[in-house]
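Student: Residue-level listing of the chains:
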Amino acid sequence: MATAAKIGIGSAINRVDGVEKVTGTARYAAEHPVENLLYGYIVEAAIAKGRIVSIDEEAARAVPGVIEVITHLNRPHVAWTDHSYQDELKIPGSPFRPLYDDRIQFSQQPIALVMAETFEAARYAASVVEVAYAAEAHNTDFEVAVGDKYVPKKKRSGYTAPKNRGDAAQAFADAPLKAAGDYRLAPEHHNPMEMFGSTVEWHGDGSITVWDKTQGSQGVHAYLASVFGFSKKKVRVLNPYVGGAFGSGLRPQHQVFLAVLAAKKLERSVRVTMIRNQMFSHAYRPQAIQSIALGAETTGKLTAIRNAATTSTSRYEDNMENVVTWGLMNYDCPNADAEYTVAQVDTATSADMRAPGAATGMTLFEMAIDEMAYEAKVDPLEFRLVNYSPIDAMNGTPYTSKALREAFREGAEAFGWSERSAEPRSMRDGKELVGWGCATGMWDAQFSKTSASAKLTANGHLEVACATSDIGTGSYTVMTLVAAETLGLPPEQITAKLGDSDLPTAPVEGGSWGAASTGAAVQLACQAVGKKLLKAAGEIAGAPLGDAKMDDVLFEDGCIVLKDTPTVRVPFGDAMHAADLTEIEEEETAAPGFGDMWKGLHKSKNTHSAIFAEVKVDEELGVVRVTRIVDAVAAGRIINPKTARSQILGGVVMGVGMALHEETFPDHRLGRWMNHNFGEYHVPVHADIHDIQVIFVDEPDPEVTPLGVKGLGEIGIVGTAAAIANAIFHATGKRVRSLPITIDKILD
Amino acid sequence: MNRFDYARPASVAEAVQAGAGEQVRYLAGGTNLIDLMKENVDRPMTVIDINRLPLDAIEELDGGGLRLGALVPNSNTAWDARVEQRYPLLSSAILAGASPQLRNAATNGGNLNQRTRCYYFYDVATPCNKREPGSGCGAIGGVNRIHAILGASDQCIATHPSDMCVALAVLDATVQVTGPDGDRAIPIADYHRLPGDEPWRDNTLKPGELVTGIDLPAEDFTQNYTYLKLRDRLSYAFALVSIAVVMRVEDGTIAEARVALGGVAHKPWRSTEAEKLLKGQQPSPQAFGAFADALLAGAVGQGENDFKILLARKGIIRALKQAAEATPQSQTDKRVA
Numbered sequence: 001m002a003t004a005a006k007i008g009i010g011s012a013i014n015r016v017d018g019v020e021k022v023t024g025t026a027r028y029a030a031e032h033p034v035e036n037l038l039y040g041y042i043v044e045a046a047i048a049k050g051r052i053v054s055i056d057e058e059a060a061r062a063v064p065g066v067i068e069v070i071t072h073l074n075r076p077h078v079a080w081t082d083h084s085y086q087d088e089l090k091i092p093g094s095p096f097r098p099l100y101d102d103r104i105q106f107s108q109q110p111i112a113l114v115m116a117e118t119f120e121a122a123r124y125a126a127s128v129v130e131v132a133y134a135a136e137a138h139n140t141d142f143e144v145a146v147g148d149k150y151v152p153k154k155k156r157s158g159y160t161a162p163k164n165r166g167d168a169a170q171a172f173a174d175a176p177l178k179a180a181g182d183y184r185l186a187p188e189h190h191n192p193m194e195m196f197g198s199t200v201e202w203h204g205d206g207s208i209t210v211w212d213k214t215q216g217s218q219g220v221h222a223y224l225a226s227v228f229g230f231s232k233k234k235v236r237v238l239n240p241y242v243g244g245a246f247g248s249g250l251r252p253q254h255q256v257f258l259a260v261l262a263a264k265k266l267e268r269s270v271r272v273t274m275i276r277n278q279m280f281s282h283a284y285r286p287q288a289i290q291s292i293a294l295g296a297e298t299t300g301k302l303t304a305i306r307n308a309a310t311t312s313t314s315r316y317e318d319n320m321e322n323v324v325t326w327g328l329m330n331y332d333c334p335n336a337d338a339e340y341t342v343a344q345v346d347t348a349t350s351a352d353m354r355a356p357g358a359a360t361g362m363t364l365f366e367m368a369i370d371e372m373a374y375e376a377k378v379d380p381l382e383f384r385l386v387n388y389s390p391i392d393a394m395n396g397t398p399y400t401s402k403a404l405r406e407a408f409r410e411g412a413e414a415f416g417w418s419e420r421s422a423e424p425r426s427m428r429d430g431k432e433l434v435g436w437g438c439a440t441g442m443w444d445a446q447f448s449k450t451s452a453s454a455k456l457t458a459n460g461h462l463e464v465a466c467a468t469s470d471i472g473t474g475s476y477t478v479m480t481l482v483a484a485e486t487l488g489l490p491p492e493q494i495t496a497k498l499g500d501s502d503l504p505t506a507p508v509e510g511g512s513w514g515a516a517s518t519g520a521a522v523q524l525a526c527q528a529v530g531k532k533l534l535k536a537a538g539e540i541a542g543a544p545l546g547d548a549k550m551d552d553v554l555f556e557d558g559c560i561v562l563k564d565t566p567t568v569r570v571p572f573g574d575a576m577h578a579a580d581l582t583e584i585e586e587e588e589t590a591a592p593g594f595g596d597m598w599k600g601l602h603k604s605k606n607t608h609s610a611i612f613a614e615v616k617v618d619e620e621l622g623v624v625r626v627t628r629i630v631d632a633v634a635a636g637r638i639i640n641p642k643t644a645r646s647q648i649l650g651g652v653v654m655g656v657g658m659a660l661h662e663e664t665f666p667d668h669r670l671g672r673w674m675n676h677n678f679g680e681y682h683v684p685v686h687a688d689i690h691d692i693q694v695i696f697v698d699e700p701d702p703e704v705t706p707l708g709v710k711g712l713g714e715i716g717i718v719g720t721a722a723a724i725a726n727a728i729f730h731a732t733g734k735r736v737r738s739l740p741i742t743i744d745k746i747l748d
Numbered sequence: 001m002n003r004f005d006y007a008r009p010a011s012v013a014e015a016v017q018a019g020a021g022e023q024v025r026y027l028a029g030g031t032n033l034i035d036l037m038k039e040n041v042d043r044p045m046t047v048i049d050i051n052r053l054p055l056d057a058i059e060e061l062d063g064g065g066l067r068l069g070a071l072v073p074n075s076n077t078a079w080d081a082r083v084e085q086r087y088p089l090l091s092s093a094i095l096a097g098a099s100p101q102l103r104n105a106a107t108n109g110g111n112l113n114q115r116t117r118c119y120y121f122y123d124v125a126t127p128c129n130k131r132e133p134g135s136g137c138g139a140i141g142g143v144n145r146i147h148a149i150l151g152a153s154d155q156c157i158a159t160h161p162s163d164m165c166v167a168l169a170v171l172d173a174t175v176q177v178t179g180p181d182g183d184r185a186i187p188i189a190d191y192h193r194l195p196g197d198e199p200w201r202d203n204t205l206k207p208g209e210l211v212t213g214i215d216l217p218a219e220d221f222t223q224n225y226t227y228l229k230l231r232d233r234l235s236y237a238f239a240l241v242s243i244a245v246v247m248r249v250e251d252g253t254i255a256e257a258r259v260a261l262g263g264v265a266h267k268p269w270r271s272t273e274a275e276k277l278l279k280g281q282q283p284s285p286q287a288f289g290a291f292a293d294a295l296l297a298g299a300v301g302q303g304e305n306d307f308k309i310l311l312a313r314k315g316i317i318r319a320l321k322q323a324a325e326a327t328p329q330s331q332t333d334k335r336v337a
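Line by line, the protein sequences are chains A and B. Counted the way our numbering counts, the first sequence spans residues 1 to 748. Counted the way our numbering counts, the second sequence spans residues 1 to 337.
Just chain A, same shape as in the assembly:
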């Protein structure tokens, strides 16, 4: 029987929430209408370190509309142990507590919250709060802090210690060819489009509903319960739409703490939002310095890898990233060692930002690899193939899959890499030097225990639900496609629900594990519904399906169909009617190790990419244009090619920013980020972005995750800046080892 083209996993469909987003009906955290709201504005510290001596609130309280000024002196009771403030990321140290006491730990730290009838009144009143400080000596200069770098005793969750092999020091000393240098990455701030904001509805019965900008409603839920002593049933956290986050929303941010604090104190519904420059008051990608030394034979075969990195953290927490492991995993080289340390500066704790660790460590490493390839006079792509490791070279374990070789081949072909002339400055277009560079990208294919529910009603409507988030990644659409695939229903008959702490348990969305984990949970829940349907069909008079088991049927067009006799079809409604069911609801949990995943238990699981970049550089003026990028990605199964491509495009654009633009400038005397606005913190704009071609390499992998999905949130940014930096070298003959590569670094 002919059927319409089935929509399911692999279908390139539009975002199911696209219309709501582009028509403005999708409400973000600070947009939910609540009656009788008060508005909060955060007063920030002007100094980087010290104590608050006094706070003069008189002028602020005199501003018409101001209700209250909340400080450490008059705040309601909050938890006092560090443990109570721990979030899902479990970063060792003492998590920051807003308005806890008189201590200033970083510039722009929230030190008071002005509550008023309007946002404008609160904002103005905040500007007339007079604070006297007793300043203490601070240091925000990472280059100075590196002198006191150290290995944190306690490791944060997800940290992998590098494993050395052979004798890299000796091998480097003996190597006929060497490349070595210090590579740097400037501090970057996430700056998602939507700024942090929280709306708290105070119900008056001891319960609250919180709309928060977060990557994890349940993480915020647990945090609020723990910090404010709410019973878990009395708090509900919602984040149905999130306007980007890039990791800045992994941890509960201080506006949600402040909003709930104010609601508690005033027993009113409140909203607290940050303005753009306050987005520089918290999370940022750590500043990094990476010393890389490579040794090779004259053939280009690597003999030594030495990789030592330090990243910035705060005085009060040890934020760690996996920076140095990538190069050791990716390259076949008998001798390798690595060291990872952190150094403290008086800023807020650095944070995960898109591909944390890899975007830094793999990118800088790939810049060094390019230098080594030039030392060896081997084409940079060929160099990567000469040193290709089909297994995880650091851990000595096979990968569940690694189609990087195919990515190189397909990417190079699409880019036209074979036309490249090796010499720097040898290609030009008018006044512009042309450069072609390539790099490898790498990220983890992760899976995290996740639950989901599926509810089928007799009218044929299916609702799937999970407490995961959609931070622009396409989770709604992924859930819909997986459900459509599993139960054979068209997307129009499916509703995906997420972003609600009351829904089945999911981890904070991040690390590129969302699609694989949520998808698997949705599939399981839908399969459970399918089983119930099959059972219900048994009640139909004459038992048209006989004693068919799940393996004997498939679900198609809202019917249970016998595989062997496809003309035998039982509509879902008929089955439910026969069993007198008005709905079927099932909840399931996908945990690591189920399905074929056990086979991959002791294997390494990673995504890979091959990035090719073309730059054109004005020879005299140093103006760089990134005219072409091809990113060939090996990331297992692609659920929705359309949103998947968007994911990679976004990552690549962010990589262009990392290569050329993004940098937050601290004034070390003031201990303060100075370009904290969108005028002067530069991210790429349309004129900076030209052709970007995304290729998904075929990479079937049933062992990595139940759906064979590896995740795409991070891989697009990893290595992109290296491909561009390497292209700039090829164009200009100039090695710039610090990102971003701004015009002053090229000019000479």
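It should be emphasised that the hints constitute simulated quantities derived from the structure, not laboratory data. Check the hints yourself; a few may be wrong.
Claimed, not checked - Pairs of lysine to any residue, SDA-like flavour, derived with a Cα cap of 25 angstroms:
#, chain 1, residue 1, chain 2, residue 2
1, A, K734, B, G303
2, A, K431, B, G289
3, A, K155, A, A79
4, B, K334, A, E620
As the list claims (entries may be wrong) - Derived coverage of chain A by chain B (criterion: at least 3 residues anywhere in the stretch with Cβ under 8 angstroms from a Cβ of chain B; other residues may be distant):
#, stretch
5, 608-622
6, 656-668
7, 678-692
8, 738-747
The structure displayed is predicted, hence computed values, not measured ones. Ideal Cβ placement from N, Cα and C applies to all residues, glycine included.
Given chain A, put chain B in place with the hints provided.
Tutor: Same frame as chain A, now just chain B:
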């Protein structure tokens, strides 16, 4: 922002009358003033909304020039057929700045009067002599990548951020103002000022004076001109260095050349003395280089912005070449011509 009185006069006379008080600001497009008020950098007691004043036309002047009304949006000015045909440099400079949305809202008068984008000026938690006289200059010895290399003082190293004004400087425009003491015309070269020891004064307007228009002289430059803007990304960023050039080339010789720099000083930077070096010269890298050295004589870096001196020198040479060859910089194709 603070609470303020608001007036929306119907005539220029009424506006000037209302503008006589203390802490008064005229509001046009608001693309800068409103930001400054929200950031509490500027706290006027009275805001006079001049958007209904009849200053929104571009008119022919007797003798062949054009008068650009103070309230004409930047985009309408840039795309006005007369401006495009007779003063293409001005169109080009305007289109090099901001974004289409901002240019739609921003006005010609407002563009003249926009304030610096110095980080310290905008952040009320930091010292700034321009914002708070006597508090010190945070940028000196601080983060000063975008700051002045020419004409700065030990009180202030801020730059004027406009692109349009750099073009007006070489077109020898005149700013028409009116005020409590009547009308007057200020040559563009005298309109903006250097910071000296009064860095809070951006220009030479007297209290209560209102810009009514900008006069462009009859002399046009339709062939040999360019506006080259060098910045930290290819669009929507203030100039690190920008260069406006108009030139008259006769029989392969430069009869006249005028050059102004943006992004390097508290006002568009121009030297008629240095321009004499170009007069009678044949276009050549040597002649352009000698001129660049003369124009940049006295340039001083502040550390992070040292590179601007070299960038300006190379930019001047390229811009002169663009102008001499009648290959002006496109503002849509970001490849440097």
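Student: Would you mind marking each hint as holding or not holding in the structure?
Tutor: Comparing the hints with the structure gives:
Between the alpha carbons of A:K734 and B:G303 the distance comes to roughly 22 angstroms, so the proposed pair stays at or under 25 angstroms and holds. For the hint pairing A:K431 with B:G289, the CA-to-CA distance comes to about 18 angstroms; that is within 25 angstroms, so the pair holds. The hinted pair formed by A:K155 and A:A79 meets the criterion: a straight-line CA distance of about 24 angstroms does not exceed 25 angstroms. A hinted pair counts as satisfied when its Cα atoms are at most 25 angstroms apart, and B:K334 with A:E620 qualifies at roughly 15 angstroms.
A count of 5 residues in the stretch 608-622 of chain A with a Cβ less than 8 angstroms from any Cβ of chain B is obtained; the coverage claim is therefore met, three being the minimum. A stretch counts as covered by a chain when three or more of its residues have a beta carbon under 8 angstroms from one of that chain; for the stretch 656-668 of chain A and chain B the count is 5, and the coverage holds. Restraint check on the stretch 678-692 of chain A versus chain B: 8 residues with Cβ-Cβ distances below 8 angstroms, three needed, restraint holds. Note: the stretch 738-747 of chain A has 4 residues with beta-carbon separation from chain B under 8 angstroms; the three-residue rule is met and the coverage holds.
Violated hints: none; the structure is consistent with every hint.
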